[in-house]
Amino acid sequence: MPKTYPDLPWLDASINFLLKQPRGTAHVDKIADALNRWNISDPKNTIVRTLNTYCSDAKDYKRTRPDLFQRVEPNTFRLRSFPERPDTRFAINEAMRVEAEQFLRELGLDI
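Numbering of the sequence shown is given in my numbering, commencing with residue -5 and proceeding in unit increments.
Calculated from the structure, these hints are not laboratory results. Keep in mind the model is a prediction, meaning the values are calculated, not measured. Glycine included, C-beta positions come from ideal geometry on N, C-alpha and C. Careful, some of the hints might be misleading.
Pairs of lysine-lysine residues, derived as DSBU-like cross-links and limited to a Cα-Cα distance of at most 30 Å, are as follows [claimed, not checked]:
#1 K53 <-> K14
#2 K24 <-> K38
#3 K56 <-> K38
#4 K14 <-> K38
#5 K56 <-> K24
#6 K14 <-> K24
#7 K53 <-> K38
Cβ-Cβ distance ranges computed for the label pairs, FRET-style [said to hold, decoys possible]:
#8 D23 <-> G102: 20 to 30 Å
#9 L103 <-> D23: 35 to 45 Å
#10 D51 <-> L13: 12 to 22 Å
Use the sequences and the hints to build the structure in full.
What follows is the structure, given as structure tokens:
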């Protein structure tokens, strides 16, 4: 089964990094550099995908997800709640749902 949050905590790690930046804003390259300890195979794309998931400026944003980030320039994001840390406990439930859906697909019991 593919690893998901919280095994790969890009969301919380990105938020923690942005909380330490002026105005809660940073370019994806800086965020990826800060998260290099996880040896992400494609750090920039991984971070962009993670942030876009919770960014209403993204074309594929789903309104059922929290709007945590604003895209202020290409590949530059701002934490909307800055200087406050947003609640990310929802991500654990979402990860469990994704894993359950994957398991059902493997069993041929797609939802």
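Hint by hint, here is what the structure shows:
{"no.": "1", "hint": "K53 <-> K14", "result": "holds (27 Å)"}
{"no.": "2", "hint": "K24 <-> K38", "result": "holds (9 Å)"}
{"no.": "3", "hint": "K56 <-> K38", "result": "holds (21 Å)"}
{"no.": "4", "hint": "K14 <-> K38", "result": "holds (19 Å)"}
{"no.": "5", "hint": "K56 <-> K24", "result": "holds (26 Å)"}
{"no.": "6", "hint": "K14 <-> K24", "result": "holds (12 Å)"}
{"no.": "7", "hint": "K53 <-> K38", "result": "holds (18 Å)"}
{"no.": "8", "hint": "D23 <-> G102: 20 to 30 Å", "result": "violated (42 Å)"}
{"no.": "9", "hint": "L103 <-> D23: 35 to 45 Å", "result": "holds (42 Å)"}
{"no.": "10", "hint": "D51 <-> L13: 12 to 22 Å", "result": "holds (20 Å)"}
Figure legend: structure checked against the earlier numbered hints; the only hint not met is number 8.
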